[in-house]
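Enquirer: Residue numbers (this note's numbering), protein chains in the order written: chain V, 269 to 606; chain L, 269 to 606.
Hints listed in this document are in silico derivations from the structure and should not be mistaken for laboratory results. Among the clues, some could well be false.
[As the list claims (entries may be wrong)] Derived EDC-like pairs: lysine to aspartate or glutamate, alpha-carbon spacing no greater than 16 angstroms straight-line: (1) L:508 / V:410; (2) V:508 / L:410; (3) L:440 / L:464; (4) V:569 / V:606; (5) L:292 / L:581; (6) L:309 / L:295.
Fair warning: this is a prediction, and the values are worked out from it, not measured in the lab.
Number of protein chains: 2
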Amino acid sequence: MINRQWLLASRPKGSIEDTNFSYKECEVPNRELKPNEILVKNLLFLCAPTMRNWMSPPGNSLYPSIPLGSPIMAPAIAVVIESGSAEYAPGDRVSTRAGWQDYEILSTDLVPVGKIPDEMTSVDAMGKFGLNSLTGYFGMLEVGQPKENDVVVVSGAAGATGSVAAQIARIKGCRVIGIAGGEQKCQWLTEDCQLDGAINYKNRNVEKELRDLCPDGINIYYDNVGGDILQAAIENMAVKGRIVLCGQISSYNDEKPAEGPRNMMRLIYGSITMQGFLTRNYTDNFPSAIGNLKTWYEQGKVLFKQDVREGFENLPLIYRALFDGSNDGVLLVQINSD
Amino acid sequence: MINRQWLLASRPKGSIEDTNFSYKECEVPNRELKPNEILVKNLLFLCAPTMRNWMSPPGNSLYPSIPLGSPIMAPAIAVVIESGSAEYAPGDRVSTRAGWQDYEILSTDLVPVGKIPDEMTSVDAMGKFGLNSLTGYFGMLEVGQPKENDVVVVSGAAGATGSVAAQIARIKGCRVIGIAGGEQKCQWLTEDCQLDGAINYKNRNVEKELRDLCPDGINIYYDNVGGDILQAAIENMAVKGRIVLCGQISSYNDEKPAEGPRNMMRLIYGSITMQGFLTRNYTDNFPSAIGNLKTWYEQGKVLFKQDVREGFENLPLIYRALFDGSNDGVLLVQINSD
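So here's chain V without its partners, still in its complex pose (with noise of 0.2 angstroms):
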């Protein structure tokens, strides 16, 4: 047995490019496990966007940053090989988050571990019910708290989190506009998930679109994205408007960190809310969040896309997809059979 790893071997200086990765083969992890210790077989990772700034240098203490010659961490689906917890049992599959390798000992102390129900798909517990689902559904119920007849725009909002948020917005009875790059995946929000209407960022002014379809202003912006997208509808929020601050992955590339607004008295002036928030806070709602989702997908009211890939070898390509947008959905890579 071996253990397949791919190793942060440089950090990316704006785009991520092959070389930030390196390739290594080593012996599986061989070692009595301490009673908070757990040998896992990764099968699945998510593509998370917030991996790209974990492969910043150090720095900022409220998130992580993977040191250099460590295999890159992501948020990852595993089957629990050897056990020295009593919480845990061999063939226990486990949400967590583990390193881009086959194999590894994780500490149910210092990484967040939680089991996955027997009747549910790895895939299923990665995506539909997993994190960018969550963050969808605590973003807009619980930051934006949208109410009926709001005009609600999202951002990103073909992307797994977008488009959770967006189909909620729109069952609470809002008129929801999505923003995404290109036609079909508008074609998508419009068609598919119902949406009011949908904006092509690669061909449209965002800002003008945004203006002829909110003619009363914008009450609940929920941001994906960043830069001049976030400005185009700032300028556009109602009074008293709320702006969701979910991820800002137009500038993950970029070397300078994500700047804000340029021009803070229209946040001033329209009395406007901006809230940052990471879906960790809602722990405790997770079950209750998991319950309404799966209603919801079942009676057909929120729709979702999974794009899921295979190859370990092929981890860092993939990865890639995040910010050209060629993914359709949640991007998973599946990198070991169930």
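Using the hints provided, position chain L relative to the given structure of chain V.
Expert: Only chain L this time, still in chain V's reference frame:
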């Protein structure tokens, strides 16, 4: 009787210059008043930082732009000379928004007009119980929502709005740090206002001082200035901290609009909320605010500094004191005696 006027001769580019104003003398308006019109004599003007924004070109419908060639617009106390309205009688003093001129006809439908109680001096109506104080009151209590033991930082803390906001946070049991320009101002904050600390931004590294003074992070940052000091506060916010956006005076004289946070991910990873507000959102609560402020002033729990100057001819020069910080408290200009 002549009517002295200061007109907007040209729009400031950067700092306000003498040439942006022109002095004129004309006749006092003399025509029949309509039912909602009053002829007033202006007594006292408030020098408000936001008037600098009103001198900018039109384009943002959220705030007014003074037309070129018109009198500079300012919050004012005036006395009614002649009234077409059943609500106002000659001799009534009103708080309103007027032009830099002695006399004018106001339409009570178009500008906010509020009668001043007989027992309140004009200076107190515009100062202790005026716009700045109410802004500090509502910004801290309604937007900031301070809880006991919160760590609160206020910029522009020796100014009229900031000092009220800071002292109210202290009344609510918070640990309060003020940021101000100059040792004398800082001394007033810690010795007279009994704040827990003060930082002189003119000769200190604000980010480092905040890190030292607030090792567990800032729960509420009340921002009057924006720019680098806002950024220094953002770097030191506690998780789930709240930023009250009151003003951005550090950049009102810039050609570019005030820019916001330089690292949006800090807001996301820190679950930070930034909220802009306008005092007029809370009009219904003005009477209770004035009641509470009165009690606190009488009990000596809130100190308030009024910098009252004189002379219509000095208006442009006096107004500029706001931007070099040479005013000592709320800046009022008495142009005619009560």
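Enquirer: Against each hint, give a clear statement of whether it holds in the structure.
Expert: Verification of the hints:
Between the alpha carbons of residue 508 of chain L and residue 410 of chain V the distance comes to roughly 14 angstroms, so the proposed pair stays at or under 16 angstroms and holds. Restraint check for residue 508 of chain V and residue 410 of chain L: the C-alpha separation of about 14 angstroms stays at or below 16 angstroms, so the hint holds. With a CA separation close to 13 angstroms, the supplied pair residue 440 of chain L and residue 464 of chain L stays within the 16 angstroms bound. A distance of roughly 29 angstroms separates the Cα atoms of residue 569 of chain V and residue 606 of chain V; the hinted pair therefore is violated under the 16 angstroms criterion.
Restraint check for residue 292 of chain L and residue 581 of chain L: satisfied, since their Cα atoms lie roughly 11 angstroms apart, inside the 16 angstroms limit. For the hint pairing residue 309 of chain L with residue 295 of chain L, the CA-to-CA distance comes to about 13 angstroms; that is within 16 angstroms, so the pair holds.
In the structure shown, a violation is registered for the earlier hint numbered 4 alone.
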